[in-house]
Amino acid sequence: MSAHTETTHITPYRVFVTVWVALILLTGITVSVTALDLGKLSTFTAVMIASVKASLVLLYFMHVRFEARLIQIIFLVTVISFAVFIFLTFADYSFR
Amino acid sequence: MTQACTAAGPNHEHSGHLEHYDPVANRIGMWLFLTTELLLFAVLFIIYAVYFHDYRPGFELAAQELNRTLGTLNTVILLTSSLTVAMAITAMQKGARRLCAGLLGVTIAMAALFLVIKSFEWQAKFDHGIYPGSDHMVDLSKGENLFFGLYYLSTGLHAIHIIIGMVFLSIVLWRVQSGRITAERFSLLENGGLYWHLVDLVWIYLFPLYYLIA
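Heads up: the protein sequence lines correspond to chains D and W, in order. Per this note's numbering, the very first residue in the first sequence carries number 1; after that it's consecutive. Per this note's numbering, the very first residue in the second sequence carries number 1; after that it's consecutive.
Hints are supplied without guarantee of correctness; some may be wrong.
Pairs of lysine to aspartate or glutamate, EDC-like flavour, derived with a Cα cap of 16 Å [said to hold, decoys possible]:
#, chain 1, residue 1, chain 2, residue 2
1, W, Lys142, W, Asp127
2, W, Lys142, W, Asp22
3, D, Lys40, W, Glu60
4, W, Lys94, W, Glu184
5, W, Lys118, W, Glu65
6, D, Lys40, W, Asp54
Calculated from the structure, these hints are not laboratory results.
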């Protein structure tokens with residue numbers, strides 16, 4: 001794994017700028033969608049938009065898309081652990 | 001783990017000695033640390049989810065107290081600072097050291113601006129008697145108390161991470177300027193960037209959950 005320095009992926013500036021524009025647009029969308037008052041759906045929508053933004057930051061800014069397989073696995077294990085914690089917590093709280 | 005990539009610092013006069021430099025391993029170490037950070041904040045989000053489920057009206061009432069304009073402004077500041085630190089890495093990879101240093105400087109300045117805005121927000125809450133244990137808080141409902149308690153805990157822990165990130169990036173900037181971080185050897189810059197993006201990542205969720213539920 002140590003001999004790959006010369007093949008390191010360089011993300012062009014324009015990719016970062018494009019991602020940033022998308023993040024700013026999504027921020028604008030999430031702020032204006034809240035003003036619509038979608039009731040119960042509004043929190044769900046806000047979390048979904050936040051997750052799209054988080055994915056963009058992870059994949060491009062944090063380079064996960066072009067990262068070593070082991071780092072991608074480490075990240076996925078974290079997300080799956082979080083999902084299990086959420087599931088177990090709500091399985092407990094919902095049936096008390 | 002950051003020590004792993006700075007360990008060669010004192011030997012940097014012998015710039016031919018690159019045999020211990022393994023950027024992928026350095027990033028793996030950083031990512032292992034970041035997973036613990038992610039799960040630390042994840043616990044706060046689970047606590048939030050449970051109490052939001054149980055005390056939704058109180059949460060929605062309390063969230064009206066937060067300043068949505070300042071929250072949105074801080075979101076834009078953090079997203080932009082994430083852009084500049086990401087571009088700093090590309091600049092270093094292309095050998096543009098001065099551009100890299102400039103972008104890092106802008107990132108640190110935006111981090112400071114975020115903290116200034118955050119402190120104005122907290123000050124405004126304090127002035128309205130909204131802080132844990134205040135006389136005013138005692139009169140509020142349980143849901144509102146839980147909301148503000150979690151608000152201070154989450155944004156406070158996040159602010160501590162902003163401060164650590166500023167220190168981290170300042171060390172990176174200093175090492176870029178002193179020539180110890182180069183286009184061939186820039187793990188510390190990459191890991192500083194990763195840490196800063198984590199701070200951004202957490203805020204991406206804090207913002208809608210605290211500012212946009214009213």
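A quick look at each hint next to the structure:
Restraint check: the Cα-Cα separation between lysine 142/W and aspartate 127/W comes to about 21 Å, which exceeds 16 Å; the hinted pair is violated. Of the pairs offered as hints, the one joining lysine 142/W and aspartate 22/W is violated, with about 52 Å between alpha carbons and a cut-off of 16 Å exceeded. Restraint check for lysine 40/D and glutamate 60/W: satisfied, since their Cα atoms lie roughly 12 Å apart, inside the 16 Å limit. Our distance criterion of 16 Å between C-alpha atoms is met by lysine 94/W and glutamate 184/W, whose separation comes to about 10 Å.
Restraint check: the Cα-Cα separation between lysine 118/W and glutamate 65/W comes to about 14 Å, which is no more than 16 Å; the hinted pair holds. For a cut-off of 16 Å, the pair hint linking lysine 40/D to aspartate 54/W stands: about 14 Å separates their Cα positions.
Hints 1 and 2 from the earlier list are contradicted by this structure; the remaining hints agree with it.
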